[in-house]
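Number of protein chains: 2
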Amino acid sequence: MATKRIGKQTVKLQNPPNIIATACIVGPKEGEGPLRLYFDEIIDDELFGEKTWEKAESKLMRETFAKVLKKANKTAEDIDYIIAGDLLNQCLAANFGLRESEVPFLGVYGACSTMAESMSIGSMLVDGNFADNVVCLTSSHFCSAEKQFRFPLELGTQRPPTAQWTVTGSGGVVISNKGNGPYITHITTGKIVDMGIKDVNNMGAAMAPAAMDTIVSHFMDTGFTPEDYDLIVTGDLGAVGKEICDELTREQGYNISKVYNDCGLMIYDRQKQDTHAGGSGCGCSATVFAGFIYKKLMERVINKVLFIATGALLSTTSSQQGESIPCIAHAVSISNTIS
Amino acid sequence: MATKRIGKQTVKLQNPPNIIATACIVGPKEGEGPLRLYFDEIIDDELFGEKTWEKAESKLMRETFAKVLKKANKTAEDIDYIIAGDLLNQCLAANFGLRESEVPFLGVYGACSTMAESMSIGSMLVDGNFADNVVCLTSSHFCSAEKQFRFPLELGTQRPPTAQWTVTGSGGVVISNKGNGPYITHITTGKIVDMGIKDVNNMGAAMAPAAMDTIVSHFMDTGFTPEDYDLIVTGDLGAVGKEICDELTREQGYNISKVYNDCGLMIYDRQKQDTHAGGSGCGCSATVFAGFIYKKLMERVINKVLFIATGALLSTTSSQQGESIPCIAHAVSISNTIS
Chain A
5 MATKRIGKQT
15 VKLQNPPNII
25 ATACIVGPKE
35 GEGPLRLYFD
45 EIIDDELFGE
55 KTWEKAESKL
65 MRETFAKVLK
75 KANKTAEDID
85 YIIAGDLLNQ
95 CLAANFGLRE
105 SEVPFLGVYG
115 ACSTMAESMS
125 IGSMLVDGNF
135 ADNVVCLTSS
145 HFCSAEKQFR
155 FPLELGTQRP
165 PTAQWTVTGS
175 GGVVISNKGN
185 GPYITHITTG
195 KIVDMGIKDV
205 NNMGAAMAPA
215 AMDTIVSHFM
225 DTGFTPEDYD
235 LIVTGDLGAV
245 GKEICDELTR
255 EQGYNISKVY
265 NDCGLMIYDR
275 QKQDTHAGGS
285 GCGCSATVFA
295 GFIYKKLMER
305 VINKVLFIAT
315 GALLSTTSSQ
325 QGESIPCIAH
335 AVSISNTIS
Chain B
5 MATKRIGKQT
15 VKLQNPPNII
25 ATACIVGPKE
35 GEGPLRLYFD
45 EIIDDELFGE
55 KTWEKAESKL
65 MRETFAKVLK
75 KANKTAEDID
85 YIIAGDLLNQ
95 CLAANFGLRE
105 SEVPFLGVYG
115 ACSTMAESMS
125 IGSMLVDGNF
135 ADNVVCLTSS
145 HFCSAEKQFR
155 FPLELGTQRP
165 PTAQWTVTGS
175 GGVVISNKGN
185 GPYITHITTG
195 KIVDMGIKDV
205 NNMGAAMAPA
215 AMDTIVSHFM
225 DTGFTPEDYD
235 LIVTGDLGAV
245 GKEICDELTR
255 EQGYNISKVY
265 NDCGLMIYDR
275 QKQDTHAGGS
285 GCGCSATVFA
295 GFIYKKLMER
305 VINKVLFIAT
315 GALLSTTSSQ
325 QGESIPCIAH
335 AVSISNTIS
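If you read the sequences in order, they're chains A and B.
For reference, each letter of the first sequence is one residue, going 5 to 343 in my numbering.
For reference, each letter of the second sequence is one residue, going 5 to 343 in my numbering.
Just so you know, the hints here were simulated from the structure itself, not pulled from any lab data.
Wrong hints could be hidden among the right ones.
For lysine-lysine, the following DSS-like pairs were computed, each having C-alpha atoms within a straight-line distance of at most 25 Å [to be verified]:
id: 1; chain 1: A; residue 1: Lys202; chain 2: B; residue 2: Lys55
id: 2; chain 1: A; residue 1: Lys71; chain 2: A; residue 2: Lys55
id: 3; chain 1: B; residue 1: Lys182; chain 2: B; residue 2: Lys55
id: 4; chain 1: B; residue 1: Lys202; chain 2: B; residue 2: Lys75
id: 5; chain 1: A; residue 1: Lys78; chain 2: A; residue 2: Lys182
id: 6; chain 1: A; residue 1: Lys182; chain 2: A; residue 2: Lys74
id: 7; chain 1: B; residue 1: Lys151; chain 2: A; residue 2: Lys12
id: 8; chain 1: B; residue 1: Lys55; chain 2: B; residue 2: Lys151
id: 9; chain 1: A; residue 1: Lys12; chain 2: B; residue 2: Lys74
id: 10; chain 1: B; residue 1: Lys202; chain 2: A; residue 2: Lys151
id: 11; chain 1: A; residue 1: Lys151; chain 2: B; residue 2: Lys151
id: 12; chain 1: A; residue 1: Lys16; chain 2: B; residue 2: Lys182
id: 13; chain 1: B; residue 1: Lys300; chain 2: A; residue 2: Lys75
id: 14; chain 1: A; residue 1: Lys299; chain 2: A; residue 2: Lys16
id: 15; chain 1: A; residue 1: Lys55; chain 2: B; residue 2: Lys182
id: 16; chain 1: B; residue 1: Lys262; chain 2: B; residue 2: Lys33
id: 17; chain 1: A; residue 1: Lys182; chain 2: B; residue 2: Lys299
id: 18; chain 1: B; residue 1: Lys182; chain 2: A; residue 2: Lys12
id: 19; chain 1: A; residue 1: Lys8; chain 2: B; residue 2: Lys55
id: 20; chain 1: A; residue 1: Lys33; chain 2: A; residue 2: Lys55
id: 21; chain 1: B; residue 1: Lys16; chain 2: B; residue 2: Lys299
Since this is a predicted model, take the numbers as computed values, not measurements.
Could you put the whole structure together from the sequences, leaning on the hints where they help?
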């Protein structure tokens with residue numbers, strides 16, 4: 005059989021898999037934001053009835069998995085693979101949240117690019133006849149992320165305007181070989197890009213070149229143009245990163261401004277909610293996709309989306325050792341029709 | 005096209021991909037062990053010319069990538085995906101070690117099951133015509149792992165007899181759609197199994213039920229028996245875990261004893277090298293596979309191997325919060341002939 009690769013980084017799926025259901029659960033702050041009506045569930049407090057933030061994040065993942073199965077009218081028995089990961093050390097949220105699932109499990113780590121990475125692998129496994137149904141999941145939690153990556157919350161550390169707010173939330177999708185769309189038609193897998201930025205309070209700027217690299221590669225590999233899309237949406241570049249990405253992409257000959265948005269800007273009202281440059285975390289793009297974008301696709305308000313989740317692949321150890329921030333972005337092209 | 009799934013957890017590859025090259029670099033202690041003649045390179049000191057253990061581990065990954073490309077007579081341009089991960093928080097070794105590779109990158113986290121997980125995904129991407137050539141890589145480092153998971157080395161903490169010794173080393177393979185074998189014919193993807201064990205100094209015992217679960221699923225799904233294999237090899241159960249796995253598997257009706265070994269037992273002379281229950285870490289199964297097992301396949305000393313890498317999906321946070329240890333094992337069936 006002929007290769008499904010087009011260009012250097014892109015795969016054109018032969019039998020584009022369907023996204024048959026999505027689900028998402030978010031925290032109280034996300035539940036006060038402009039997308040509140042699109043989320044399946046808004047939890048009352050960050051602990052979600054658990055004793056620790058990490059256990060709360062695991063529970064977010066577990067409940068989102070249960071919810072997406074129910075919405076897809078499937079049981080765990082029907083699922084061939086779970087593909088999941090998160091930001092916590094050793095992917096604690098996914099590994100503990102999904103340990104009772106009884107489903108073959110592939111753990112991934114792509115920082116905040118995880119949703120697009122898992123959907124990329126998932127759609128290849130379905131298209132390649134290795135699976136009938138795959139669940140892709142991720143999560144993040146403001147408190148567990150602050151505790152792990154930054155400062156104790158109790159310290160009340162002031163944040164610079166370029167800082168972003170980690171989304172508390174989990175989002176998941178079921179990708180299936182049967183259905184009526186929306187279809188995953190192409191995936192463009194990112195390379196690691198490190199432009200030497202070291203400011204951990206400006207991850208949007210660090211990630212923007214990786215996002216641009218993947219977006220431009222997608223256009224070059226597929227022959228698509230920005231006009232082919234109703235929405236081009238990055239994961240969590242926030243206000244600073246989005247502007248840089250927009251400009252860098254334009255410098256490469258592709259003007260995406262008219263259809264370009266960023267999940268980190270969509271999830272909060274930045275002025276009223278004091279979230280500085282916007283949202284971030286694996287759960288940001290996951291819940292905005294599962295909650296808002298998927299519903300707009302189903303309503304046919306939009307028909308073709310390029311979803312680019314973006315990840316900063318740093319750790320506290322690497323930053324303490326003076327390292328810059330390697331970044332990555334993966335793109336998934338989703339359409340209501342198969343071209 | 006028909007599904008490639010057989011049974012609940014196994015995929016039979018339609019055009020079994022080839023492992024066209026392997027490479028591995030190990031630390032000084034591993035270089036004094038019984039497999040020393042099989043490793044491509046033995047480094048003189050754990051720092052490998054770097055200032056920190058984490059940078060040394062990243063360098064192990066980078067140099068192993070360069071070496072495996074060279075041995076496969078390929079350049080980075082020929083590689084469609086790198087699939088890699090490691091034990092460090094946020095997969096530091098892979099993300100920093102491979103950031104200059106310029107190859108589409110899929111990060112995975114499966115703790116010490118990473119080598120089999122990455123080979124599973126890699127072989128599906130090749131078999132499914134999504135890639136011509138994929139590199140799968142992982143690493144671990146005794147010092148960076150001790151520092152992150154256990155105690156400062158300077159403390160000289162005494163270790164119980166059930167404890168294992170994290171291998172310093174990196175192993176990688178090139179999986180290709182062209183070649184003359186050895187072939188990856190089947191993969192069996194594990195589920196997360198948590199039997200409630202909490203002793204972080206006895207990970208072999210924690211992982212054994214997951215290994216058994218995947219081995220038994222493999223036999224049930226494929227119809228193979230232990231007699232079909234020249235070698236059934238788990239990743240890093242060590243002395244305690246190997247015995248448990250052997251017994252649990254026998255209880256399920258499969259006697260693997262005659263052909264069963266464990267990479268953690270193969271890599272060190274446990275008596276002379278004071279490594280207690282044996283080796284562990286992502287690098288354990290990766291270097292034993294890349295160094296020893298692959299060469300024995302190429303020499304036709306053995307012709308059919310079931311390689312089961314095993315992972316303990318804990319973190320220091322989860323253990324501090326009183327959690328048990330969820331585990332996973334992924335199996336890759338490799339043969340010199342296509343059945």
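Do the hints match the structure? See the list:
1. Lys202/A to Lys55/B: Holds - the C-alpha atoms of Lys55/B and Lys202/A are around 19 Å apart, at most 25 Å.
2. Lys71/A to Lys55/A: Roughly 22 Å separates the two Cα atoms, so the pair holds.
3. Lys182/B to Lys55/B: Violated: Lys182/B and Lys55/B sit about 40 Å apart, past 25 Å.
4. Lys202/B to Lys75/B: violated (42 Å)
5. Lys78/A to Lys182/A: Within the cut-off at roughly 13 Å; holds.
6. Lys182/A to Lys74/A: holds (17 Å)
7. Lys151/B to Lys12/A: Roughly 39 Å separates the two Cα atoms, so the pair is violated.
8. Lys55/B to Lys151/B: holds (15 Å)
9. Lys12/A to Lys74/B: OK: Lys12/A and Lys74/B at ~21 Å, within 25 Å.
10. Lys202/B to Lys151/A: holds (24 Å)
11. Lys151/A to Lys151/B: holds (19 Å)
12. Lys16/A to Lys182/B: holds (21 Å)
13. Lys300/B to Lys75/A: violated (49 Å)
14. Lys299/A to Lys16/A: Between Lys299/A and Lys16/A the Cα gap is close to 24 Å, so the pair holds against 25 Å.
15. Lys55/A to Lys182/B: Roughly 53 Å between the alpha carbons, so the hint for Lys55/A and Lys182/B is violated.
16. Lys262/B to Lys33/B: Not OK: Lys262/B and Lys33/B at ~29 Å, beyond 25 Å, violated.
17. Lys182/A to Lys299/B: violated (43 Å)
18. Lys182/B to Lys12/A: Within the cut-off at roughly 19 Å; holds.
19. Lys8/A to Lys55/B: Distance ~43 Å between Lys8/A and Lys55/B Cα, so the pair is violated.
20. Lys33/A to Lys55/A: The hint holds at about 20 Å.
21. Lys16/B to Lys299/B: Distance of about 24 Å is within 25 Å: holds.
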